[in-house]
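Enquirer: Could you put the whole structure together from the sequences, leaning on the hints where they help?
Respectively, the protein sequence lines represent chains Y and L.
In terms of my numbering, the first sequence is residues 1 to 638.
In terms of my numbering, the second sequence is residues 1 to 253.
One or more hints might be untrue.
Said to hold, decoys possible - Take a look, some chain Y residues computed to stay more than 10 Å from chain L by CB distance:
#	residue
1	P464
2	P531
3	Q539
To be verified - Listed next, the stretches of chain L that the computed footprint assigns to chain Y, with coverage defined by at least 3 CB atoms under 8 Å from CB atoms of chain Y:
#	segment
4	52-61
5	83-96
6	113-121
7	140-148
8	157-169
Claimed, not checked - BS3-like, lysine-lysine: derived pairs with alpha carbons at most 27 Å apart:
#	chain 1	residue 1	chain 2	residue 2
9	Y	K319	Y	K597
10	Y	K320	Y	K102
11	Y	K345	Y	K383
12	L	K9	Y	K542
13	Y	K619	Y	K597
14	Y	K252	Y	K622
15	Y	K102	Y	K15
16	L	K82	Y	K383
17	Y	K345	Y	K320
18	Y	K102	Y	K622
19	Y	K179	L	K208
20	L	K2	Y	K383
21	Y	K597	Y	K102
22	Y	K345	L	K2
23	Y	K480	Y	K252
24	Y	K15	Y	K622
25	Y	K345	Y	K319
26	Y	K383	L	K9
27	L	K82	Y	K373
28	L	K2	L	K82
29	Y	K33	Y	K480
It should be emphasised that the hints constitute simulated quantities derived from the structure, not laboratory data.
Even glycine gets a Cβ: it sits at the ideal position worked out from N, Cα and C.
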Amino acid sequence: MQLDARIPLGPLPEKWDRCRFETQLVNPANKRKFEIIVVGTGLAGASAAASLAELGYNVKAFCLQDSPRRAHSIAAQGGINAAKNYQNDGDSIRRLFHDTIKGGDFRAREANVYRLAQISNTIIDQCTAQGVPFARDYGGHLANRSFGGAQVSRTFYARGQTGQQLLLGAYSAMMRQVKAGRVQIFARKEMLDLVVVDGRARGIVTRDLVNGAIESHTAHAVILATGGYGNVYYLSTNAMSSNVSASWRACKRGAGFANPSFVQIHPTCIPVHGDYQSKLTLMSESLRNDGRVWTPARADDQRPPHQIPEQERDYYLEKKYPSFGNLVPRDVASRNAKEQCDQGKGVGPTGLAVYLDFAQAITRDGEAAIRRKYGNLFHMYEKITNHDPATEPMMIYPAVHYTMGGLWVDYHLMSTIPGLFVAGEANFSDHGANRLGASALMQGLADGYFILPTTIGGYLGATPPPPLTSDGRSTFDEAKTLATARTNTLLTIGGQRTPDDFHRELGLLMWNGCGIARNAHGLTEALARIPMIRDEFWQNLKVPGTGAELNQTLERAGRVADFLEFAEIMVRDALAREESCGCHLREESQTEEHEAKRNDEAFCHVAVWELDADDGRPKLHKEPLSFDFTTPSQRSYT
Amino acid sequence: MKSISLTLKIWRQAGADAPGAFQTLETGQLSTDMSFLEMLDVINERLITTNQAPVAFDHDCREGICGMCGSVVNGEPHGPEKRTTLCQLHLRHFTDGSTLVIEPFRARSFPVIKDLIVNRSAFDNIIAEGGYVSVNTGSAPDANATPVSTSRAEQALDAAECIGCGACVAACPNAAAMLFVGAKISHLALLPQGDPERNRRVIAMVRKMDQLGFGNCSNERRCEDVCPKGVAISNIARMNREFLRAITLTDKG
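Expert: What follows is the structure, encoded as structure tokens:
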């Protein structure tokens, strides 16, 4: 596998400009001759579909929901970063770049991250022009807040629903192109395979989720914008139907998968409360501005929180990290919560939670002030748990939130399969090991609005793919036959266990073995166990109904089958990375203060997994990362 | 942890053209901490393992924001709790031993696909008629070049909160989509960015809404009552004003 990142030469600030200049253009009259498939209609997919259609390309947009407006980007709450420096507080493209590369714990490409910072400003302009109702100050200008530990106010927001408003902006831009006849929407269709003809991505195979028809769709280029794979853990903050299938199918067709073990665990989620639970809900991290995190000082203390006197409480974050206290980064807060629970100091009925206590803030500022600040979050918490955080401490626990691994892409966002582009959370991202707040929205929109419309033109212009007529018919037919056969197999196993049952088992194994903290022993055990679950799945699965109808159990079965294969590569990647970085604590690699210890000598690279074409075994390739404009430094919060 | 047992009468319909009927299911004891959709999950797992067809229902984010879930519970779209999507409704709000009647959103323009799933693509079709600002990527002026007052931005955001779930249509005796359409018209009419297309937009969207078979508002206020996001009926009034203004202007620009 050749990993040419195609990073333009020259100084950082000029690289993107140079790339745009050197990229071939497509004559406007020729653009209408090209068809482009976009799978996924979240921030990255919808913005790409809209922008490409505006340029004149014919776009087919696919989503598995009933409407493209439902993509999970809609649930992002916090905000989107840009280096506008509207607050005159010293922000700049250079500073946003620097914060982001550092936030990625030096496991991202400098050139990509710099471009992201550059484009960030234009994203805000674009979204505002679309009518995205960002928060305003009293002069009518855009308001900003600081977020994710940044020392400048660069986060733009729309109440607690920034993702929703940005997504609706991108969706509406796409719907405008639907009216113009340049975008065709295929809702309730799921991608089952990628079709590669003569080494180039030429289309996809889908299943119509309403009538079960297996269909193929041709295109000159395919964009995957299908989100992350956090649902491999079964419980996560992801939407229920988020899955890895499209990416994994592409991987099986030859695309490299990068850093699959990079997963962001978010520290402030509502804890699991029963074995029927289907997903986890994130509480905003801003709660830690006023909430104090604690557990009982001794293990197995069953008393309710108000009966535990002050001196018998362990405010462990304040004690261990005096200068950051409760505001330590996400990975540190998550890891320490797990440590407390592992020591038997966890609270609540499951023992898998810690307290986030607002009592002191309420005494200090008054309940009204605290409710003004966090009212909606208090309401949400009370709605789900039936407990009022103003009268008793909240219970929180870490949960899987965002995945930083994904299909490997070069600077043009093209995968190792020519003609297959990957955008947003589905690619291995510009962020490396630890993602900062408010940067996921930025990356999705940068990819879709600004990068792909340029680089796809470059691909189509440089070596135009052959016409779509009869070319590769047999390859398409073969892929359809395979997809049909696989679906039929799932339907005819006739075993005893449901897809969700297998998914839960896999999820728990992954959470315990490849979650917040990993070690060689746990990972090796998980690696041995996954094939056993997989074998049982293919022998003991039960899927009622037929393939020729709306069959949600069948949909889930297909996704779980892919998670069961993909999980193995995640664990392999975690096992190979014998260092801690960003969110990932490899227990064997810690500093004297028990913090994550990076190993730049051995692991300053992107780990890219390829499935061997003959035996399907995963092979590891490495793309070295070099830092010419920044100096990697160890993080410290003491 | 408290538990509860319910009798469910769930609408079962194999397909758009198939006849439908209620199926009665006993839940057995369930935790009151469980969400409504988790209850359906549990019921479905049970149905599958006893060789019966699980209940088809739409859902995705389970955080009350994607707008995909929604059924009518005892006559109320999204169930009895105010300002709540079905996915954010918990069993603690029901009485032990009671019977719940669970149906799909009913409206001629939302045909049933299967069981509790309906086709709401009519909403996308309405948006395609003008629910956007026509601006090409990359040609926008600096975001601060056009100031917008705080109150305008906040009102626009109140309208923009609509998640497109369709409960308003299901609750309305006329199956009107006017709260949904009014919300989008208001959102864009309140902002300077939406101004140039204001007249064309409202005429096109209202015509499309009529054409797709949605009824008209007769001030029942059921839409506002069931809206999980609290979108106000004043948006319908604004839409009507915008429409009148647009059709009476000689210059439709």
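Enquirer: Does each hint hold? Answer for all of them.
Expert: Each hint, compared with the structure:
no. : hint            : result
1   : P464            : holds (23 Å)
2   : P531            : holds (25 Å)
3   : Q539            : holds (16 Å)
4   : 52-61           : holds (count 8)
5   : 83-96           : holds (count 4)
6   : 113-121         : holds (count 6)
7   : 140-148         : holds (count 8)
8   : 157-169         : holds (count 5)
9   : Y:K319 - Y:K597 : holds (21 Å)
10  : Y:K320 - Y:K102 : holds (22 Å)
11  : Y:K345 - Y:K383 : holds (26 Å)
12  : L:K9 - Y:K542   : holds (25 Å)
13  : Y:K619 - Y:K597 : holds (26 Å)
14  : Y:K252 - Y:K622 : holds (19 Å)
15  : Y:K102 - Y:K15  : holds (20 Å)
16  : L:K82 - Y:K383  : holds (12 Å)
17  : Y:K345 - Y:K320 : holds (16 Å)
18  : Y:K102 - Y:K622 : holds (21 Å)
19  : Y:K179 - L:K208 : holds (12 Å)
20  : L:K2 - Y:K383   : holds (16 Å)
21  : Y:K597 - Y:K102 : holds (14 Å)
22  : Y:K345 - L:K2   : holds (25 Å)
23  : Y:K480 - Y:K252 : holds (15 Å)
24  : Y:K15 - Y:K622  : holds (23 Å)
25  : Y:K345 - Y:K319 : holds (16 Å)
26  : Y:K383 - L:K9   : holds (25 Å)
27  : L:K82 - Y:K373  : holds (23 Å)
28  : L:K2 - L:K82    : holds (23 Å)
29  : Y:K33 - Y:K480  : holds (25 Å)
Every hint, counting from the list given before, is met by this structure.
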